[in-house]
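Given chain L's structure and the hints, the job is docking chain F onto it.
Protein sequence lines correspond, in order, to chains L and F.
Under the numbering used here, the very last position in the first sequence is 215; numbers go up by exactly one each time.
Under the numbering used here, the very last position in the second sequence is 215; numbers go up by exactly one each time.
Please note that a few of the clues may not be correct.
[Claimed, not checked] Only pairs whose alpha carbons sit at most 16 Å apart, straight line, appear in this in silico EDC-like list of lysine to aspartate or glutamate:
#	chain 1	residue 1	chain 2	residue 2
1	F	164	F	67
2	F	195	F	11
3	L	62	F	206
4	F	164	L	206
Hints were generated in silico from the structure; no laboratory data involved.
Number of protein chains: 2
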Amino acid sequence: MTEQGGISLFDAIYTMRAIRRFKPDPVPDALLRQVIEAAGQAPSGGNRQPWRWVVIRSAEGKQRVSELVKQANAKAAEARAAGQDRRPAPTPAAAPGADFAESLASVPVIVIACAQAPVSQGPWSVGPFGQTYPGVENLLLAARGVGLGGCITTGFRWMAAEFKEWLGLPDDVEPTCLIPLGYPLGKDGERHGRKTRRPIEELTHEERWGGAISF
Amino acid sequence: MTEQGGISLFDAIYTMRAIRRFKPDPVPDALLRQVIEAAGQAPSGGNRQPWRWVVIRSAEGKQRVSELVKQANAKAAEARAAGQDRRPAPTPAAAPGADFAESLASVPVIVIACAQAPVSQGPWSVGPFGQTYPGVENLLLAARGVGLGGCITTGFRWMAAEFKEWLGLPDDVEPTCLIPLGYPLGKDGERHGRKTRRPIEELTHEERWGGAISF
Chain L
1 MTEQGGISLF
11 DAIYTMRAIR
21 RFKPDPVPDA
31 LLRQVIEAAG
41 QAPSGGNRQP
51 WRWVVIRSAE
61 GKQRVSELVK
71 QANAKAAEAR
81 AAGQDRRPAP
91 TPAAAPGADF
101 AESLASVPVI
111 VIACAQAPVS
121 QGPWSVGPFG
131 QTYPGVENLL
141 LAARGVGLGG
151 CITTGFRWMA
161 AEFKEWLGLP
171 DDVEPTCLIP
181 LGYPLGKDGE
191 RHGRKTRRPI
201 EELTHEERWG
211 GAISF
Chain F
1 MTEQGGISLF
11 DAIYTMRAIR
21 RFKPDPVPDA
31 LLRQVIEAAG
41 QAPSGGNRQP
51 WRWVVIRSAE
61 GKQRVSELVK
71 QANAKAAEAR
81 AAGQDRRPAP
91 TPAAAPGADF
101 AESLASVPVI
111 VIACAQAPVS
121 QGPWSVGPFG
131 QTYPGVENLL
141 LAARGVGLGG
151 CITTGFRWMA
161 AEFKEWLGLP
171 DDVEPTCLIP
181 LGYPLGKDGE
191 RHGRKTRRPI
201 EELTHEERWG
211 GAISF
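Chain L extracted, bound-state conformation (with noise of 0.2 Å):
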């Protein structure tokens, strides 16, 4: 469905902020398919659409989505404190919260983006996160174009294989990240806006890796 007027492109691309506290309100049915058929508008190699979407909205399988979380999180604790996870430290705007994994048990809705694998791989594949990053671009985009937020996140994949097991996904269809969605927690909490982005000019080459770009 197009939608007439609206949110502008640049302003939804501008003000599009990672949300992960939300108020308790429920997603709107018509709204959580609007923001879903928009991340299938995506483009794909020939036009193949490989992306699935699980959508979690009971009150069971978000618990069950808190404790995989938790244990995820877990995991990467171990693997900080074994020097295995040398990431420079997430900047504070950009850090989970360690409550996160547990606000996800009461969270309006989770969707897990996943990518159903080509018969065959070879340079051109851009494998599972290429094949379902734009549309989940373009899901965030369509929720904060109709009031909602959400985020990528991709934590979970330290319990990849439970969650595998859990949502029952064949062997050929791999979780790519898992989105929280909802109303954004508003003026006292979290919401859309203004983002810090470094000047563009800084990551962009003309012609050759270092070559200044003027425009």
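Just chain F now, with coordinates in the frame of chain L:
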């Protein structure tokens, strides 16, 4: 820069098509900057902004890209002939056409999206495609928004090592897609508009794989 007004988010999402044939008109610097800046508004883990963009606008550079992509296509054809690439054939509308590699020598702009690898890898890592494709989707939507067009191509990756050497990419930087950009050929050729997608209900499951969704 936030644009006031302009195309609506949902119009952009629903009408942004893959554009591979372009008018010869050059892309104004300001519009190129606008689409790359929009790309950089994408989310990333810890807001690390791991994308880099190499812009090819010189005649010599585009000629070299065209040659390398022709060589990549030849490699792909060899692999198919040897039975190593068993992909289903793309739909005719999605097939890039035999003249695409040739046309790259004269497209207005070529953008090569690159991902800079994080310090360490782990289950949380989304890899080079996951790092860049949310931004690539923003870039393509923004192009649609300002009247331009482009598409994601990955065939060049059959010659990824040669591209990396030619572009002078550091070892930890991986090119993830090659995007031609320009004004769509228009009325008698390629243009933006409605596109063909499967009903989203076929690609969405409730609670677990196979669960029918109602929304």
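Verification of the supplied hints:
no.: 1; hint: 164(F) / 67(F); in the structure: holds, 15 Å
no.: 2; hint: 195(F) / 11(F); in the structure: holds, 12 Å
no.: 3; hint: 62(L) / 206(F); in the structure: holds, 12 Å
no.: 4; hint: 164(F) / 206(L); in the structure: holds, 15 Å
In summary, this structure violates none of the numbered hints.
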